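Novice: So the sequence lines, in the order shown, correspond to chains A and B. Numbered as in my numbering, the first sequence ends at 500 without a single skipped number. Numbered as in my numbering, the second sequence ends at 424 without a single skipped number.
Simulated from the structure, these hints should not be mistaken for laboratory data. Since the model is a prediction, treat every value here as computed from it, not as a measurement. Be aware that one or more of the hints could be misleading.
[Unchecked claim] A few chain B residues that face chain A, going by a derived Cβ cut-off under 8 angstroms, partial list only:
hint : residue
1    : R244
2    : T282
3    : A320
4    : A347
5    : N361
6    : L363
7    : A367
[Said to hold, decoys possible] Here are the simulated distance ranges between beta carbons:
hint : chain 1 : residue 1 : chain 2 : residue 2 : range
8    : A       : E341      : B       : L205      : 48 to 56 angstroms
9    : B       : D223      : A       : Q473      : 53 to 61 angstroms
10   : B       : L185      : A       : L264      : 37 to 45 angstroms
11   : A       : G266      : B       : E382      : 23 to 31 angstroms
12   : B       : D223      : A       : S412      : 22 to 30 angstroms
13   : B       : R195      : A       : E469      : 50 to 58 angstroms
Cβ coordinates follow ideal geometry from the N, Cα and C atoms, glycine included.
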Amino acid sequence: MDDIRTVNRNNEPAADNGSQEDINVKAENGAVMDSAVKDGAVKAEITVKTEGTLKTEGMAETAVLPAAAPPVTDNPPVAGNGDKTAQEAQEAQEAEEAEEAKKALTPAQRVALARSISRPGTMQFIKALFTDFFEQKGDRLGGEDPAILGGVALFHGQPVTVLGHRKGKSLDENVHCRFGMPTAEGYRKVQRLLRAAEKFRRPVITFIDTPGAYPGLEAEARGQGEAIARCLALMSTLKTPLLTVVIGEGGSGGALALAMGNRVLMLENAVYSILSPEGFASILWKDKSRAGEACDVMKLTAADLLKLGVVDEILPEPEGGARSAGPGAKEIFRTVDRALQRHLAELQKQSDPARARYQKFRGMGSGFLQVASKENL
Amino acid sequence: MIDFFKGRRQKLLQLKVWRENAVQKKAAPSAQDVFEQCPECNGVAAKADWAKNLSVCPECGAHRPLGAYQRLALLLDQGSFRELNENLVAGDPLDFEGYPEKKKSLQKRSGLREAIVTAKGKIEGFTAIVAVMDGRFLMGSMGIAVGEKVTRAAETAAKEKLPLIIFCASGGARMQEGILSLMQMAKTAAAIEKFQQAGGLYIACLTHPTTGGVTASFASLGDFTLAEPNALIGFAGPRVIEQTIGQALPEGFQRAEYLEDHGFIDAVVPRKDMKATLGQLLRLHRKGGARHG
Numbered sequence: 124m125d126d127i128r129t130v131n132r133n134n135e136p137a138a139d140n141g142s143q144e145d146i147n148v149k150a151e152n153g154a155v156m157d158s159a160v161k162d163g164a165v166k167a168e169i170t171v172k173t174e175g176t177l178k179t180e181g182m183a184e185t186a187v188l189p190a191a192a193p194p195v196t197d198n199p200p201v202a203g204n205g206d207k208t209a210q211e212a213q214e215a216q217e218a219e220e221a222e223e224a225k226k227a228l229t230p231a232q233r234v235a236l237a238r239s240i241s242r243p244g245t246m247q248f249i250k251a252l253f254t255d256f257f258e259q260k261g262d263r264l265g266g267e268d269p270a271i272l273g274g275v276a277l278f279h280g281q282p283v284t285v286l287g288h289r290k291g292k293s294l295d296e297n298v299h300c301r302f303g304m305p306t307a308e309g310y311r312k313v314q315r316l317l318r319a320a321e322k323f324r325r326p327v328i329t330f331i332d333t334p335g336a337y338p339g340l341e342a343e344a345r346g347q348g349e350a351i352a353r354c355l356a357l358m359s360t361l362k363t364p365l366l367t368v369v370i371g372e373g374g375s376g377g378a379l380a381l382a383m384g385n386r387v388l389m390l391e392n393a394v395y396s397i398l399s400p401e402g403f404a405s406i407l408w409k410d411k412s413r414a415g416e417a418c419d420v421m422k423l424t425a426a427d428l429l430k431l432g433v434v435d436e437i438l439p440e441p442e443g444g445a446r447s448a449g450p451g452a453k454e455i456f457r458t459v460d461r462a463l464q465r466h467l468a469e470l471q472k473q474s475d476p477a478r479a480r481y482q483k484f485r486g487m488g489s490g491f492l493q494v495a496s497k498e499n500l
Numbered sequence: 132m133i134d135f136f137k138g139r140r141q142k143l144l145q146l147k148v149w150r151e152n153a154v155q156k157k158a159a160p161s162a163q164d165v166f167e168q169c170p171e172c173n174g175v176a177a178k179a180d181w182a183k184n185l186s187v188c189p190e191c192g193a194h195r196p197l198g199a200y201q202r203l204a205l206l207l208d209q210g211s212f213r214e215l216n217e218n219l220v221a222g223d224p225l226d227f228e229g230y231p232e233k234k235k236s237l238q239k240r241s242g243l244r245e246a247i248v249t250a251k252g253k254i255e256g257f258t259a260i261v262a263v264m265d266g267r268f269l270m271g272s273m274g275i276a277v278g279e280k281v282t283r284a285a286e287t288a289a290k291e292k293l294p295l296i297i298f299c300a301s302g303g304a305r306m307q308e309g310i311l312s313l314m315q316m317a318k319t320a321a322a323i324e325k326f327q328q329a330g331g332l333y334i335a336c337l338t339h340p341t342t343g344g345v346t347a348s349f350a351s352l353g354d355f356t357l358a359e360p361n362a363l364i365g366f367a368g369p370r371v372i373e374q375t376i377g378q379a380l381p382e383g384f385q386r387a388e389y390l391e392d393h394g395f396i397d398a399v400v401p402r403k404d405m406k407a408t409l410g411q412l413l414r415l416h417r418k419g420g421a422r423h424g
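Throw the hints in and build the complete structure from the sequences for me.
Specialist: Laid out in structure tokens, this is it:
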């Protein structure tokens, strides 16, 4: 299991400029691309290894993160001995059933979980993981978008800029935040906060939870596309470490605009895709109702994305998925907290996070590049 | 000797244009082979007139989409065309049913390897890296290969200290390659930004249609942004927006002139003036401001 991670990590900053140029030169000569072939081989290896085992990626993660595993028991049972064993047996059985259910989760079920209103959103994560949060509003160009929540906060005593999509937790909030679909103003606020983070040398932590950017008339009139493009360009050169956690839905460019992390972490039941399954089905098959089918082919689950090298680590969720309340909530917040601490510590040792980030995204999909033979035409 | 190679290169480009045009040809000759109707004004003109008019309707001036090689042939100085990364393609990351076959048949029919052609050539005497997207290849969508070719074009331009010009025409990120297509937005935006920070001049030319992930990455990052008349340019498609807001969109919404009015485009440039306009911009950056060109 560890191997898989190592492989994916290696994709990232280790590939230095030199090897990238090698690829170019070789491809231009029409020769076989060594690194592409190598990546291909690695990929094949992963597939073989994971065929049987990675289905329960939760297992993989608990192996690495043993400390995060013990369940929170605020009220240990104090009943009599006989009761206890009966209870234990029942609990064990329940746990087993839940484990089975977890294994059997289809991509479509994960999509439903990722969209669940009871799932913690950016606001819940900020409240649980950070202190002294000061929200920064507005893009300073004449607009404010509540679908993007951002500001400065302390993360274990260290000042960081924290940003994320806000969906809201009640119907009123949902409507106010357009269900987490930002407009151009939101993305320009992101740009402003990124620049401020760079100025004050604060690391940036982003939480991804959006169906996509808002497809509205005014958003277009104000340059939705340009606003997202500018976010990507800015993130690619950000001089401080950038950490991304996909907590719910990661849909399309609207998600990517906040998601160019040096590390991209993903909750076990979160999804991240090129477009919502509904949009995918309607574009490719002209039939929105085939969204369920789309879920199966899109490779949008955390396990799929780890294999593709799009995410770096899967963070396990409690049974039944992450919830913003109840004992499971503590567990998920602790898991995310520890992962963020660990990765942030690692990243702060890096001398040039911007360069490492560039190399990471420069390599996206390289494993699938080929040089076609002449006969095809 | 130099003339000889120039001649060869021009012939190669002409061959590619001819190959590209073969797409539309049918077996039996008919009126449709001689005449073409404009989908905008329904006016009918001889194909020869369309060609003479650079695929712009002789009646109403509607700009019809151009093939990538056709555009390069119109744009580049005689004999200066040299294609880059011609044979670069990508696999099938989603194991998407029918995708490799569809690409293969498109390659056969169009003479294109992918939805973009990247080249080095001269425009009015100035050497530049020019990339041209082609809407006939899976809607000009950006998958891994397109992202890689754009990125390499920017890298080559940076290395050789040349200006970069990209003609965009795209339905967005390529669905069939899934999340890795989305990642090409990050990759290309980063490559363009790096090139620009090193002092490179990047001119984005938006043609009909430029939407989705391409609009939200390299198409919107130009030092200069030009567009062809009436080109549809936007992030979300008009149909999706109509569904969202539940009413019809205003006339001209998301068209080049609309974007010009809203501050996202420097100039709307008719096709016949494009080469001269690019020549002017390249000339303006020959010395001073930028180190390139």
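Novice: Could you run down the list of hints and mark each one as holding or not?
Specialist: Against the structure, the hints:
Checking R244(B) against chain A by beta carbon gives a least distance of about 6 angstroms; that is within 8 angstroms, so the hint holds. Nearest Cβ of chain A to the Cβ of T282(B): about 7 angstroms, under the 8 angstroms cut. The hint holds. Look at A320(B): its Cβ gets to within about 4 angstroms of chain A, closer than 8 angstroms, so that hint holds up. Annotation: A347(B) was flagged as interfacial toward chain A, and the flag holds, the nearest CB pair being 4 angstroms apart, inside 8 angstroms.
A hinted interface residue such as N361(B) counts as satisfied when its beta carbon comes closer than 8 angstroms to some beta carbon of chain A; here the least separation is about 16 angstroms, so the hint is violated. Interface restraint check: L363(B) against chain A, minimum CB-CB distance 11 angstroms, threshold 8 angstroms, status violated. Below 8 angstroms, beta-carbon pairs count as interface contacts, and A367(B) has one with chain A at about 3 angstroms; its hint therefore holds. The given range of 48 to 56 angstroms is broken by E341(A) and L205(B), whose C-beta atoms sit roughly 37 angstroms from each other.
Distance hint check for D223(B) and Q473(A): the Cβ-Cβ separation is about 34 angstroms, which falls outside the suggested range of 53 to 61 angstroms. Checked against the hint of 37 to 45 angstroms, the pair L185(B) and L264(A) passes, with Cβ atoms roughly 38 angstroms apart. Taking 23 to 31 angstroms as the suggested C-beta distance range, the pair G266(A) and E382(B) conforms, at roughly 25 angstroms. Taking 22 to 30 angstroms as the suggested C-beta distance range, the pair D223(B) and S412(A) conforms, at roughly 25 angstroms.
Taking the beta carbon of each, R195(B) and E469(A) are about 53 angstroms apart, inside 50 to 58 angstroms as hinted.
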